[in-house]
Amino acid sequence: MTILFDGNTAHVAGQIEAMEGLCGSPSDSTKTTSLAAEKSSTSSLPGCEIQHTDTVDNSIHCSLATDHCNLLRQAPFSACHNHTDPEPFITACTETLCNYRLVDGVDCQFMEAYAQSCSLKADITLEDWSEHEFCGEKSGRGLCLCRGVFASKYTPTNSLGEPAVCREESASVTLAGCLLADKGIDYSVLHLNDPNCKGQMDNETHMVTFGFDSSNICGTEVVKNNSMILYKNAIMTRNMSEYGVITRHDQIQIDFSCLYKEPEIKSFAFRIKDSSVVQELTSGEWNYTLQMSAYLDQNLLYVVKPETELLLNQRIWLELKTEGLDGNRVSIVTDSCWATSQSSPNDILRYDLINSGCPNANDETVRLSGNGQGTSNMFSFKMFEFNGGNREIFLHCKLELCVRMGNSCQPTCTPRSRRRRRASKYVDKNPAIISMSWTK
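Residue numbers (UniProt numbering): 1 to 440.
It should be emphasised that the hints constitute simulated quantities derived from the structure, not laboratory data.
Hints may contain errors.
[To be verified] Derived DSSO-like pairs (lysine-lysine); straight-line CA-CA distance at most 27 Å:
| hint | residue 1 | residue 2 |
| --- | --- | --- |
| 1 | Lys-138 | Lys-198 |
| 2 | Lys-138 | Lys-183 |
| 3 | Lys-183 | Lys-153 |
| 4 | Lys-232 | Lys-198 |
| 5 | Lys-398 | Lys-321 |
| 6 | Lys-398 | Lys-382 |
| 7 | Lys-198 | Lys-153 |
| 8 | Lys-261 | Lys-305 |
| 9 | Lys-232 | Lys-153 |
| 10 | Lys-398 | Lys-305 |
| 11 | Lys-261 | Lys-398 |
| 12 | Lys-382 | Lys-305 |
| 13 | Lys-321 | Lys-232 |
| 14 | Lys-261 | Lys-183 |
| 15 | Lys-138 | Lys-121 |
| 16 | Lys-153 | Lys-138 |
| 17 | Lys-183 | Lys-198 |
| 18 | Lys-261 | Lys-232 |
| 19 | Lys-321 | Lys-261 |
Go ahead and model the full structure; you've got the sequences and the hints to work with.
Spelled out as structure tokens, the structure:
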């Protein structure tokens, strides 16, 4: 008979005959007994027979524990199923983790025990069942620690996980649970600016993800910095006052942000017969599009088509809209629109339709609607041509992004001047310009 004990798990192997006497009579294999009956009274403390009822621990999540234990039914453990039945291990794992806290690396021990049993019975070495972790001990505690190869990509920068992932209207940061454990950080005490927004640990990889989206911003701050609009948040520990007089947790502050970057100045000139101009703007991993379209009516139902004939003094409507912006927190402001006789927006011959977010006071045909109120706005004017026989007219519009939180992004246009001095929150060193052209 062979008994292996690694300090956590005992493996007993041998023939059936050799097991007689462990839990019964060496001379009668049908006779069984109990540990209580066979204990050495001279070496055992009294009271072992008394059963105790533990209070309910609300920090234990049995459903998550069950999912973790059921990993023994999957690859790579399935390679041993024909040699070692996983069910007793799963049962022991579930009953333990559903009743006791995850301390001393107990959640890893059942995986280790099954892998060791398979190795002893069938000489099969299970690999990659813990891709980047191993069960170890630090400061007297059993922990899932990072393997050196996995940790090597983080240690040079002293980071605890991956960079922020920015998607449309959402952002997330993923930290490695084993790196947190190595620093003595309990992930369960971490949260975003909003203390209710805590990290979610993947039961298989032990990666911890923190995130926010447009439906739950988790205390995200939206600020404008030169040509960028930043969504700022942070991963931190609970307020120190919640610990009372002392704390045994390091204070953690991990800042992260995602941004909308104002596009570089670009001009696109198209015949108005194409009815719309689309400019795609990219910032890191956040993409949004800016589109200018021409219509024959204020309800924006009838698009200017290639065969549409436009007459002088005929009113047309232009819609400027974006897709991919967070409309609850960011607005677009049409700062200015002007016409030139050449494709360059900097052409000397120029006629202004919109100035500083307001219609040109000298052109009563210009009407502007919804400017700074959302992610789209529109304006209209009556068709014209430059004197001198120029057959093409190019329309250019400059737009800016404005943070709505705590600000009014709508320009104030007085009836008299129809314009005002712009507030600093609209100032942008790198605005967007989109252009359209038409011919006689």
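Please verify whether Lys-138 and Lys-121 have alpha carbons no more than 27 Å apart. violated, 31 Å
Between the alpha carbons of Lys-232 and Lys-153, is the straight-line distance 27 Å or under? It holds: about 25 Å lies between the C-alpha atoms, which stays within 27 Å.
Are the Cα positions of Lys-232 and Lys-198 separated by 27 Å at most? This hinted pair holds, its Cα atoms lying about 16 Å apart.
Distance restraint between Lys-321 and Lys-232, which requires alpha-carbon spacing of 27 Å or less: holds, 25 Å
Hey, Lys-261 versus Lys-232, does the alpha-carbon distance stay inside 27 Å? holds, 14 Å
Agreement of Lys-198 and Lys-153 with the hint, judged by alpha carbon distance not exceeding 27 Å: Within the cut-off at roughly 25 Å; holds.
Compare the distance between the alpha carbons of Lys-183 and Lys-153 with 27 Å, and conclude whether the hinted pair is satisfied. holds, 16 Å
Is Lys-398 close enough to Lys-305, meaning Cα to Cα at most 27 Å? Roughly 24 Å separates the two Cα atoms, so the pair holds.
CA of Lys-261 to CA of Lys-183, is that 27 Å or under? violated, 35 Å
Given the hint that Lys-321 pairs with Lys-261, test it: the Cα-Cα distance must not exceed 27 Å. It holds: about 17 Å lies between the C-alpha atoms, which stays within 27 Å.
Restraint status (C-alpha distance of Lys-138 to Lys-198 at most 27 Å): holds, 25 Å
With the threshold set at 27 Å, check whether the alpha-carbon distance from Lys-261 to Lys-398 stays at or below it. holds, 15 Å
Checked against the numbered hints above, the structure breaks hints 8, 14 and 15 and satisfies the rest.
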